[in-house]
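These protein sequence lines map, in sequence, to chains A and B.
For the first sequence, my numbering gives the first residue as 1, with consecutive numbering after it.
For the second sequence, my numbering gives the first residue as 1, with consecutive numbering after it.
Think of the hints as simulated: they come from the structure by calculation, not from any bench.
Note that beta-carbon positions come from the ideal geometry of N, C-alpha and C, so glycine has one too.
Some hints could be false.
To be verified - Derived, one-sided and incomplete: chain A residues facing chain B with beta-carbon distance under 7 Å:
{"#": "1", "residue": "I105"}
{"#": "2", "residue": "L117"}
{"#": "3", "residue": "F168"}
{"#": "4", "residue": "T172"}
{"#": "5", "residue": "I256"}
{"#": "6", "residue": "I285"}
{"#": "7", "residue": "F286"}
Stated by the list, open to error - Derived, one-sided and incomplete: chain B residues facing chain A with beta-carbon distance under 8 Å:
{"#": "8", "residue": "F128"}
{"#": "9", "residue": "A305"}
{"#": "10", "residue": "L306"}
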Amino acid sequence: MFGFFSSLDCSLDIFFVEALLNGVLLAGLLALLALGLNLVFGVIDVVWICYAELVMIGMYAIFFFVQTVGLPLPLAFLLAIGLVAIAGLLLHYLVIRPVLDQPPINQLLVTGGLLFLLQAAATMAFGIEFRNLGLRLGSMNIGDMSFSWSRIITFAVAIAAVVALWQFLTRTYIGTAIRAISQDRQIMPLMGVDQKKVYLATSAIGGGLAGLAACLMVLQYDIYPQIGLQFGPLTFMICVLGGLGNMVGGFVAAFIIAQFITIGGSCVATEWGYAVAFLFFMLVIFVRPQGLFGAKS
Amino acid sequence: MITQKHIAWAVGLTALLLLPLLIRLMFPDTDRYYLHLVIQILIWAFIYTGWSMMGRFGLTSLGHGAFTGIGAYVTVLLWNFAGITPWIGIPVAMLVATLAGLLVGYPCFRMRITGHYFALLTLAFTEFVRLCIIGLRDWTGGSLGTQPTRYGDGLSFYAVQFEPNRVLAYYIVLAVWLIGLMIWVKVDRSMDRYALDAASQDEDAAASVGINVTREKLKITAVSSAMCAFGGAIYGQYQMYIGPETIAGLGVSLNIVFAVIAGGIWSLMGPTFGAVFTQVLAEGLRVGLRGSETLSKLLGQSALALDTFIYGLLLVLFIIYMPKGVIGTLAERFRQK
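The following block holds chain B by itself, in its conformation from the complex (with noise of 0.2 Å):
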């Protein structure tokens, strides 16, 4: 049976499939700019995809940052300093931060910390994580970051090097962020699933009928924590460069929080919208206002911070006038119509 959701999802596939062509056509001389657009959207939609298998169960963690950066981390520190391939080194990367996730998760759950105070411990395991890498600098160059260390012209299976070549990069993230979707859709049809909404929605009802709240909240942050820490690691084989602001920290995590907000916490794509959206923003705000004559005559060197200024100020109108999220703000007034 093939349903008009299937035309349509053929229909995106081939046309993401057949994208790098596309840019390369329309764009002949800056495709590589471009497609790096694409390639980091699809990087981070599929981390705020992992962010939100958490979030859309009222767990707002503010620690995701932490995670991407253990994922960043510990694979470039193995294959700088023990020469292990990021083929080893992204599953152990991934095994720390599921363990470091369940750690601060089981007693955050076993003493039902939720709300303000599960953002605000969230938030103080991303800083230690960050003052970690900070201290840390003989490995991993303190605050100013570090760079993987190139194996032959930077394009290698063994080294997961794709860099130089945008086009097998882009592929690559492609196929990353599929399985993404995918985890999420799986997610979406469980009976986990159902027990999890039970439970954010009142705890103790949800375990007077036999759901063990903290199993199932330890399983969907595990499984969250490890898709953030694999994206993480992709970031860092792709940027061929980590920093601690840049990929760990409280920037990081806000970050993914309000792309997702923005996009829409409940629904597939929500995420994908986010990454979307605040992308292709802080980039044509970047581009259009540092690049326009006139704005920096009138504004000069504050032209630079005009952008940041910009995102913040939709940030709070986006909560305040669009709580679901744009896509499911729109979901709703079609489905009024």
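This is chain A alone, in the form it adopts within the complex (with noise of 0.2 Å):
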């Protein structure tokens, strides 16, 4: 009767490995994702539903460089992290400083009308056809299992840019002030930090962010207008699942949840492991609000 339990066929091969391994690799890129969104989530306590169009955004810009433009690709690079950072800046001033004293849901919600927004004008501008760089960076081959390099890089630049941002809020005294408005907003104005200053400053970083997880998008997937649909509610979850705010948190969820979807797609098919994962969210949510590993408030 249930068509989907008979292809079941998990056993601990090979295969099995190299589908583990390989969801090692994508929760580099889940956690990249969500690592801009926490940040602006922990800080300005708003949350952008059109976080993943602004990769999108980012993505487009990179193909326009290249293809268009004729940039060679790490310039191309450079320009569309810059280029998302000023997005996310004037989404902040243009959109969210004037709802910041509105409900916390019409904050939510007027982003969402923004993914409405960048999606049509990406398909006006670029049509609905999937487009690629046409770039080929091959696979590693360990035994029988293989790994494209796209993904390897992708980790390691993950990995990277989770430490250079904590050494940059961490060592730096503006990266001090986002911290500490992040856990005060109220008293930190009173201690002579200028909020709206600090506020432009996370939205042009989780904008920059976004911009950089663009970069390593593009070596592994096709462009389209609508891919922000298949990463955005990936990334809300992997937020909230590691507690707002928290990056290693987040670092962590993005594992999990990158394994739910790999083992599940290797070994089901791949809807069923994202519908798993959901439901691995819902239920711990239910268990423990603040997240796996949100400070209880």
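Assemble the dimeric complex from its two separately framed chains, guided by the hints.
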């Protein structure tokens, strides 16, 4: 009767190990995606529902710079990161700032409107066709297992980005101010921290991280206007699961979710991997609303 | 005692009852299209009203796309694979959706998951249901969607199929919509409404005066999810096609929330106005923009997405400048004068 269970063939063979390791590599990308959203979420207490759409804009920007303008890839990457950082800044200044005093749910919805707008803008500019840069980085083979280099690079960059962000937040003045604001939004302005500046800086960094994620995504995925819908919900889930504003927690959550997706995908079917991941997320939040590693408020 | 309000209602209702005739007179050739538009508006208005039951008490759920999906799919699958008439199938679907709503709601309300967390949790629920629909592709047709099997010529009391006769379909959905308004008024006048209002302001204070907050929230969740499941089922029976993106999923959830916010969440006609506004806007932009030759010459293929672009832009502007919705903002202006 249950057709999808009959195709369940999970044994501890080489393919299972391959799926497991590919899950670890996917976790790197998911963790990087969650990183910027987590920062914005933790500091400004606003959910950018359109976060994955910022990534999509970054991917199209790289495509445009390389294919149309003819810039070398590294320069296109840098420009895209800068562009999405500015987009994050504008998003905060034009859209979030006017609704900061409104109920939290309106802040969430206003970026939802932006989600439609950005998707439509991308469709208008580039059409609905799948695009890619035609990059082939090949793969690394270990025994019978194969891992694509693009995933390995993504994983390494994601780890580096987490470390770099942590250094920034602990070693610099503005980083310390960002952490302070995220701990107490009411008191810090009284201590002489300029809340507006901190919010703008956070938004720009959040956007920049989305841009960085875009650089890594173009190595692995085709670009199309709806790509945000594929990664957006996953990204929110990882942020909440790890505990808002908790970057290490976000990383661990990314690993858990990625394992559900890759192992579920290799044993049953991709959508069941995702479905179980969402179910797991709901169950965890029922028991621990603050997330796996969030502090009890 | 007949008040102005009663007269307004009587006039409005008469106009709605005569609407098919009016459309026939005004657009003799394209009356089916305009009736279709009105039917769509009424079905969605009912679903939006169902959502606003929870939404107006601060329970901003992004999970209602799951309830409409459950309503549509359970009804159609029971009919297609077990031959069970929608007269039984629809109540079963509503029951399933209500149970799902309570199952997600209970831990949320007990653990006091509110605001962003509630929205994101219900979003996960919507995604879960959509993925299940796609995953069970042997029955549901996966992402391509499915159709209820036609019974005879597609016009049947037993199979609750009424699509070919647009006028009949109109009166059916009009009745459904009126029932939705009646439920809204009934809730609005009940003690539960005051309890929920209090709970949405301050849960501790509400609990301290003896309100069982969790139970009140569960009650409204049950009403709201059952209504949305019913709306989803009627949508499926009318459209004779259901797909995971058209009646389930995050897109549906977001559309529901946006339409109600645009219309106004705190007034009876707010969700209905939201349905009129979003459907007419989407349809008008689609027809207006795609039909225009100058625009298609100017923009080429990209004119296809211009309607969504304007829709998104308007949503952003609405929330920034009219957070109380059109009806709410107008009512406020009116009172100030």
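Against the structure, the hints:
The beta carbon of I105 of chain A is positioned within 7 Å of a beta carbon in chain B (closest approach about 4 Å), and the interface hint is therefore held. Because the beta carbon of L117 of chain A sits about 3 Å from the nearest beta carbon in chain B, less than 7 Å, this interface hint is met. Because the closest C-beta pair between F168 of chain A and chain B is about 25 Å apart, greater than 7 Å, the hint is violated. At about 28 Å, the closest approach between the beta carbon of T172 of chain A and any beta carbon in chain B exceeds 7 Å, and the interface hint on this residue is violated.
The closest approach between the C-beta of I256 of chain A and any C-beta of chain B is roughly 14 Å, which is over the 7 Å cut-off, so the hint fails. The beta carbon of I285 of chain A comes within 5 Å of a beta carbon in chain B, closer than 7 Å, and the hint placing it at the interface holds. A hinted interface residue such as F286 of chain A counts as satisfied when its beta carbon comes closer than 7 Å to some beta carbon of chain B; here the least separation is about 4 Å, so the hint holds. The beta carbon of F128 of chain B comes within 4 Å of a beta carbon in chain A, closer than 8 Å, and the hint placing it at the interface holds.
Interface hint status for A305 of chain B: upheld, as the beta-carbon distance to the closest one in chain A is roughly 4 Å, under 8 Å. The beta carbon of L306 of chain B is positioned within 8 Å of a beta carbon in chain A (closest approach about 7 Å), and the interface hint is therefore held.
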